[in-house]
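Asks: Position in the sequence shown (from 1) plus 6 gives the number in the numbering used here.
There could be a bad hint or two in this list.
Unchecked claim - In silico DSBU-like cross-links for lysine-lysine, where the CA-CA straight-line distance does not exceed 30 Å: (1) Lys68 with Lys92; (2) Lys68 with Lys91; (3) Lys84 with Lys68.
No wet-lab data here; the hints were simulated from the structure.
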Amino acid sequence: MAGQDFHDLVQSGLLGQVEQIVVEGHHTFYESEGLAWSRPIAYRWLRYEDPAPVARLADGVKRLRQGGVDFDTDAVEKACAEASKKGFLI
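Modelling step: build the complete structure from the supplied sequences, incorporating the hints.
Replies: Take a look at the structure:
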């Protein structure tokens with residue numbers, strides 16, 4: 007997705023779908039560690055203020071997987087199918 011036009015990612019809803027998957031994974035990780043969680047904590051953790059949100063999401067996925075987080079398989083498959091249907095490279 008990083009090589010795709012940002013406007014197209016936003017307009018298609020794909021960026022929002024992927025963002026939700028990563029944020030939910032972060033929530034799962036915090037719950038498993040017994041930590042208090044909120045959406046702002048997840049976005050600070052992702053450093054989402056960075057001007058490259060796709061790279062931040064990819065980095066977040068990598069770090070969460072290293073922490074043992076399993077992502078919602080159905081949500082991931084849905085996002086991948088949507089990306090493929092719209093011609094995005096993953």
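Asks: Could you run down the list of hints and mark each one as holding or not?
Replies: Going through the hints against the structure:
Of the pairs offered as hints, the one joining Lys68 and Lys92 holds, with about 24 Å between alpha carbons and a cut-off of 30 Å not exceeded. Between Lys68 and Lys91, the direct Cα distance comes to roughly 25 Å. Compliance with the 30 Å bound is thereby established for this hinted pair. For a cut-off of 30 Å, the pair hint linking Lys84 to Lys68 stands: about 19 Å separates their Cα positions.
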